[in-house]
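Colleague: From just these sequences and the hints, can you work out the full model?
Residue 526, in my numbering, is where the sequence shown stops; the numbers in between run on with no holes.
Hints in this document: simulated from the structure, not taken from any laboratory.
Just so you know, even glycine gets a beta-carbon here, dropped at the ideal spot from N, CA and C.
Treat the hints with care, since some could be wrong.
[To be verified] Below, simulated SDA-like cross-link-like pairs (lysine to any residue); rule was C-alpha separation at most 25 Å, straight line:
hint, residue 1, residue 2
1, Lys266, Glu190
2, Lys428, Thr342
3, Lys159, Leu216
4, Lys473, Val524
5, Lys322, Asn463
[What the hints assert, rightly or not] Computed spacing ranges between beta-carbons, pair by pair:
hint, residue 1, residue 2, range
6, Leu488, Thr143, 30 to 38 Å
7, Pro247, Leu488, 29 to 37 Å
8, Asn483, Ile148, 41 to 49 Å
9, Asp525, Glu248, 22 to 30 Å
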Amino acid sequence: MMRFTLPRDIYYGKGSMEQLKTLKGERAVLVLGGGSMKRFGFVDKAIEYLKEAGIEVKLIEGVEPDPSVETVFKGAELMKDFNPDWIIAMGGGSPIDAAKAMWVFYEHPEKTFDDIKDPFTIPELRSKAKFLAIPSTSGTATEVTAFSVITDYKTEIKYPLADFNITPDVAIVDPELAETMPPKLTAHTGMDALTHAIEAYVATLNSPFTDPLALKAIEMVKDYLIKSYEGDKDAREQMHYAQCLAGMAFSNALLGITHSMAHKTGAVFHIPHGCANAIYLPYVIDFNKKSALDRYAKIAKSIGLTGETDDELVDSLTSLIKEFNEKLSIPSTLKEYGIDEAEFNVKVDLIAERAIADACTGSNPRQLNKDEMKKIFECAYHGNKVDF
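Modeller: So, in structure tokens, the structure goes:
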């Protein structure tokens with residue numbers, strides 16, 4: 139038996155944040171990141187809408203990029219004092235992911251982080267609060283997924299928490315928030331969305347329910363990412379929807395080792411998640427095609443790429459990804475990104491071992507061992523072709 143889970147309600151379109159007026163409840167916490175949502179007036183707008191709904195609001199502010207275990211527990215304590223019946227997260231993936239984890243410990247204060255860090259170990263929620271997410275970036279799609287990425291900085295490990303219990307109840311996908319993204323963030327989040335869709339299409343749990351979402355997302359990213367990066371507002375809106383479709387796909391089909399690698403090097407080398415995915419994706423496709431050649435070829439065909447054979451089609455796909463990276467000013471290798479070679483050589487065994495243990499590795503279409511993972515990292519560092 140397989141499962142397909144999405145938020146009960148997804149509201150989208152410009153101005154859809156006004157849906158906050160219709161919520162039924164008494165108290166809501168609004169979880170925020172670094173301050174951009176305040177600067178652009180969206181926080182004031184959300185508070186005003188919630189007041190119209192008769193809901194008292196408390197802010198939890200300052201969630202850092204790559205939110206920490208400590209931030210999660212601090213937020214959960216604030217929730218316990220305030221006793222909200224709605225948890226609302228607004229911003230990029232970091233505040234939404236952090237709020238999901240806070241939600242767990244608000245409802246289950248007896249749990250420790252170790253209790254929930256393995257996939258599908260989060261207990262039942264919604265006895266105290268429901269969850270609503272409003273994304274401001276067009277990449278993570280955490281507003282529709284069963285995932286939350288939390289970093290333990292003491293061990294330098296990013297943990298992708300995975301459980302359908304943390305799928306939001308409501309998502310508001312309002313493209314007006316995404317119009318505030320600077321170009322670099324637009325590039326990184328856009329390539330994150332593309333990676334989500336491609337990995338979902340080849341992941342071991344792909345299905346007739348997830349395939350159409352993944353392919354449509356890939357098509358939309360191909361059509362709109364570069365224009366969005368260049369500042370086209372219509373393209374920015376379409377990218378906001380594309381990343382959401384990709385999220386629906388990967389939340390149910392799961393992901394692969396591009397994400398495993400990005401999680402582990404993100405924590406150690408502090409590479410932005412979408413940038414890391416963009417660097418690794420062509421190398422991972424070359425590794426995985428021994429097991430998923432036909433799936434990658436179908437992606438290439440679906441977006442109009444050319445090739446006489448499946449191998450040629452897949453080469454066209456990796457060439458397109460490299461072309462996107464170049465146009466988006468994303469490095470093609472870890473060395474080009476600026477990772478010191480001596481430091482890389484010291485840490486590559488550790489990150490390879492941790493990537494193998496990452497929750498996303500189990501659904502990769504081709505299984506691998508630590509030595510093979512290390513070789514892929516080394517190819518991605520130096521820019522060598524993956525041919526094993």
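Colleague: Lys266 and Glu190: Cα distance at most 25 Å?
Modeller: 22 Å, holds
Colleague: Between Lys473 and Val524, is the straight-line Cα distance small enough, at 25 Å or below?
Modeller: 16 Å, holds
Colleague: For the range 41 to 49 Å, tell me whether the beta carbons of Asn483 and Ile148 fit it or not.
Modeller: For Asn483 and Ile148 the Cβ distance comes to about 46 Å; the hint holds.
Colleague: Please check whether Pro247 and Leu488 have a Cβ separation lying inside 29 to 37 Å.
Modeller: Holds, at about 33 Å.
Colleague: Given the hint that Lys428 pairs with Thr342, test it: the Cα-Cα distance must not exceed 25 Å.
Modeller: It holds: about 14 Å lies between the C-alpha atoms, which stays within 25 Å.
Colleague: Please work out if Lys322 and Asn463 have their alpha carbons no farther apart than 25 Å.
Modeller: 11 Å, holds
Colleague: Does the alpha-carbon distance linking Lys159 and Leu216 stay inside the 25 Å limit?
Modeller: 24 Å, holds
Colleague: If I claimed the Cβ atoms of Leu488 and Thr143 lie 30 to 38 Å apart, would that claim hold in this structure?
Modeller: Taking Cβ atoms as reference, Leu488 and Thr143 lie about 34 Å apart, which means the hint holds.
Colleague: Is it true that Asp525 and Glu248 lie within 22 to 30 Å of each other by Cβ?
Modeller: 51 Å, violated
Taken one by one, the earlier hints fail for this structure only at number 9.
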